[in-house]
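J.: Residue-level listing of the chains:
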Amino acid sequence: MVSKKYRSLLLVTALILLAVILLFILFAGRTDREIEDKIGIVLSGSTQENGWNGMNYAGAQEACTSLGVRLLVKENVEEYSGQCEQAVRELVEDGAGMILLTSYGYSEEVQDLVKEYPDIVFNVNFFERQGGQLNTYFVRMYQARYLSGIIAGMRTESNVVGYVAAMPNNEVNRGINAFTLGVKRGNPNAEVIVLWTGAWDDKEKETTAVEKLVQECSADVVTYHQNQGNVVEAAERLGVDSIGYHREFEGCSPHYLTSVVCNWEKIYEEVISGYLKGRGNAAENYWIGMEADAVKLTPYSELVTDEIQEEVEKAREQILSRGGVFSGEIYDREGNLICDESETVSDEVLLEHVDWYVEGVDFYEESVD
Amino acid sequence: MRKAWIKRNRKIISGIFIFSVIFGIVGILMYNKMRTLLNYYVERQTAQQAEVLAQTTEKQFAAELRQLTWTADYIQYHEAERQDIVNTFADHEDKVSVGLLEMDGNAVCGEALDFLAFDGIRQSFRGEDAVSYSKERGLLFTVPVYRGRNVRYVLYKLYDTSLLYNKFGLSCHGGKGRVLIMDLQEQVIISSGNTAEDAAFFNMTEIYDGYLTMREQLQVLTSTSTHVETERESYFLFSAEIDDTDLILVGYVPEDVAMEGISYLVVLALWVFGLLMVVLVIGMVYLFGAEEKARESDELREAKLMADKANRAKSDFLANMSHEIRTPINAVMGMNEMILRECEQEDIREYAQNIQGASQTLLSLINDILDFSKIESGKMEIVEAAYDTASMLNDVINMVRVKADSKNLQFNVDIDEKLPSELWGDGTRDRQVIINILNNAVKYTKEGQVSLSVNGERSGADKILLEIRVSDTGIGIKEEDMPKLFRNFERLNLGENRNVEGTGLGLAITYRLVEQMNGRIEVESQYGVGSTFTIYLQQGIVNDSPLGDFQERYQLAMKRSRHQYRESFAAPDAKILVVDDTAMNLLVIEQLLKKTRVQVDTCLSGNACLELVQREHYDVILLDHMMPDMDGIETLKMLKDMKNNRCQDTPVIALTANAIVGVREMYIENGFDDYLSKPVEGNDLETMLKQYIPSEKMQIISETEQQIPVQSGQQNIKSDGDNADDVLQSMPPTAELKWLDIDMGLRYCGDSEEVYREVLQEFCDVEQTECCKIENAYERGDWKNYAILVHGLKSSSLSAGAKKLSDEAAGLEKSSREMQKEDALHKEEILAYIREYHGKMMELYRDSSNEGRRYLQS
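These protein sequence lines map, in sequence, to chains A and B.
Residue numbers 1 to 369, in our numbering, belong to the letters of the first sequence in order.
Residue numbers 1 to 858, in our numbering, belong to the letters of the second sequence in order.
So that you can see chain A by itself, here it is in the shape it has in the complex (with noise of 0.2 Å):
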């Protein structure tokens, strides 16, 4: 006879076994994506920062919410202080596949991390160092820059544009060379001073650089290129026309007249969900535009005019059809031929060799002197 104490034990290990043969069906070989992809940002300023770097984190956040990745973020890293090297460290360390890097100092400080970490796809949303691991995206805000520049043009009495900026590179090369298109044709008339503050963010530089290009140059319209809002503030204080960036300001006066901003969760968007598909480290770049509602102008200020509301997207259509801001016949200013009267300027060149000024800009140096 079996004894109880052996039957119940036998009926324990049944249940055991039964229990291991239901969890065995449960879970093995699972289906589902097993590991979480992770991607890492490294931000120069703040997350909550009201500019490029709290554009970029949330462009890149709500990107990686529907597409379903963890964003893993480092703020507040200095370029050129060696922090950066440190904190895509830390970002691999925990798992990071991907790291996205969003200052233009950073693509010269990771060249040799770049070689240490052959898995990780770097991005950098520069231009000027790409090669190997390290991957760009941007954006045609070009486009918007020369819509916003009609803008300028057609607003401008004294038939001078301010333009802050931070230092010469294509990117920027490329802004003051579509606004000053644009400008030119609002108002053939007009031309553009720029001023070169030396730093992406310098709040008393900024506004020490509006006070005189309104002050010494009259300028009664201003735009900038640099991370945050300062010239915004600057002009309305001063009372003139201004055009911002990254994005759309509240409470402001009319002379505020509309922000160039572009859609960073689109362009993050495509970044990573081209490293999920295992493209990242095919050296591909990604340069969206308004065609793929990646850049545009906010809502204008009741200064914008019905005609200079057609104007503008008139420039838009003809954007959309057949892509020309860079097209039709252009002078730099030392009078050389930079494209044809039915030519188009390739995107080779304007990635990579903006290092010419279309006519129509002065420099503020030049000027004053």
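What the hints contain is simulated information worked out from the structure, not anything from laboratory work.
Please note that a few of the clues may not be correct.
As the list claims (entries may be wrong) - Ranges of calculated distance between the beta carbons of each label pair, as one might list FRET restraints:
#, chain 1, residue 1, chain 2, residue 2, range
1, A, Y6, B, D641, 52 to 58 Å
2, B, G174, A, L17, 41 to 47 Å
3, A, F27, B, E296, 42 to 48 Å
Said to hold, decoys possible - One-sided and incomplete, this derived list gives chain B residues near chain A with beta-carbon spacing under 8 Å:
#, residue
4, V26
5, I28
6, L29
7, R122
8, Y146
9, L164
10, R854
11, L856
12, S858
Just so you know, even glycine gets a beta-carbon here, dropped at the ideal spot from N, CA and C.
Given the structure of chain A, go ahead and fit chain B onto it with the hints provided.
T.: This is chain B only, laid out in the frame that chain A set:
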């Protein structure tokens, strides 16, 4: 019955049910999991296939673009000849157009195209190669034509929609799957060949949902696949991006095609699992059954234990019974023997003989039971030795003939003359077996005959297979009773055979014995007609000389084996002590030893025995086992331990009525020298004493000394025969004849000695049976038959020359006829006469026939 089964096995059934349910659930889970995993696997495979298909398209597109780029390069450096170049490049296919566009929308060569209709034109003006599609126009390949670093023109090649399938169409899975190329707006660019069918397919809700899922997945994957079930059929949808374009490849393949080969895995697993489950259920049924059986066997074991207990109780009972019955029989037979020995009065002797017969029957019943108990306990031993064939058969026939005669049955004996005269085997058991069967035949036969035939068949150099056949004309055995035949205590047809005596063990013992002797029994029977039992026994041959005419040897052996009590020794100086709590038993032994002149002291208890041994020395002590207060074993122990014991070395023989298996060993183990089983038989007792009484006190009585008759030969029929035999041996064969008148006999036979010899032979042959018949009739007072028999004797004896016998017979015939008359006077006187002369005549009859036999042998 069915209900009962279900009730009894409710636990088993519910167990099996629960297990089946569990296994069913597990099976379903497993099946689903397996389907999921397989689908996942096939999805991945299909996705990879989609990627390969997409790459095919990419290559096709790339080839187109490469051609265009070459042309564009050529145009860049030979702008003046651009018209010719473009014309040359366009190979003038139907519905394929080539052209060169300018920034402002004009066509330098070929047809001007709507910039808004084709995204690719804008892209190419920025310097990219592009593929774009317009539903109205078709598929457009565009490349930039540079001037310096700026884009001057866009070179295009346009394929009309109607051409696309033939040019770029794809197929997969050997044509069983469909592949389409769509743009992101779900516009089909390249159909799978049948546009309507494709549209209908993707219009199905489930398919469209699957498509949307794939679109979502394409955000993070370059290719994907999903399993979709529609009402009609299941499909694997797949999709992949076509690089450098805004196009995607979408396709579907029926499940069975995609899973070809793999689906057998599912079928295989299902079958295996299903069959395993069935096997498991069977195993479980078996296990439960085994458990049930184990429980049953536990019960059986308990039952067996009880049965063993009961059996032991039965054995104890048998032992006790044997003691209880043998003790009085001992007394009866012993005393009876005394009467037979000492009584000179004929009628008393007759009564005593009857008592002897009855006692022997009773004893044989007890012996049956004891035999059976031996067989039951497996201690029945077959002791093989050489034995005399004729003697064995004689014993058999002697035993049975009397019984057969007394029932007026004809007993036929047919013994093969060629049987070896001496055989090797257990003669005693052989005899027992044959007697049992014969007794049975006699027992169950009311009238007719019982036949014994013995034949032998050589089965080797010194081996013979005895075939002993016993047939009767008895009541037979019913067909349905055959299997019960050899069972213990089985008595068939009890109603009819109630008055047949016996334990019902006879056949069972016989069967076992035969089995133990490696023989077999066969039975044929017809109910109401008779039965035939055939026993086959393998025996060795010791003396191969043929048995010869058995009848003759029988007669000889008869004479030799005639039993007569005769003391075998005398020991007037020997002194023995007999201890038994029954005075009768003491008396029996005293009487049995009277003639040996051994001095016998007796006492009634162990204590008395101990007293006596202190005073007297005995040569042998017979000590009863079963005694009140102090039994034999205790007494012996005390005896041996006693200091002033004068019988320290005296052999002690146990007396026991408990003559069951292993008893001898038991007694010897307990310090006895031997044992005697009660009822004590004279011969056994004397043999035993001869062995233990010191030889110097013994006076062995030789053969001649033994001839001193104990009783007067006139009364002792048996001893008479023997004496005659012995006397004869000292006489010449032709000596004068006392009872036979040869001359007269010859006269009756026409002076032919041959005829006379035949007549005399017949006379001698029938003597025994005739004697029996006459004795029977006499005992019953059946004077009618008596007269007839005596009448027959009168004439037959006369022709044999037995004149005196004839005269006696004539007288008795007359008297018995007188007895038959109812009105006869002086009946008393006549009866007295018959009584006086009957014995005389019988004596004469025997003497005459004995003389006749001697004469015949001479």
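J.: Against each hint, give a clear statement of whether it holds in the structure.
T.: Taking the hints in turn, this is what the structure says about them:
no., hint, verdict
1, A:Y6 <-> B:D641: 52 to 58 Å, "holds (57 Å)"
2, B:G174 <-> A:L17: 41 to 47 Å, "holds (44 Å)"
3, A:F27 <-> B:E296: 42 to 48 Å, "holds (45 Å)"
4, V26, "holds (6 Å)"
5, I28, "violated (10 Å)"
6, L29, "holds (5 Å)"
7, R122, "holds (4 Å)"
8, Y146, "holds (7 Å)"
9, L164, "violated (24 Å)"
10, R854, "violated (80 Å)"
11, L856, "violated (80 Å)"
12, S858, "violated (84 Å)"
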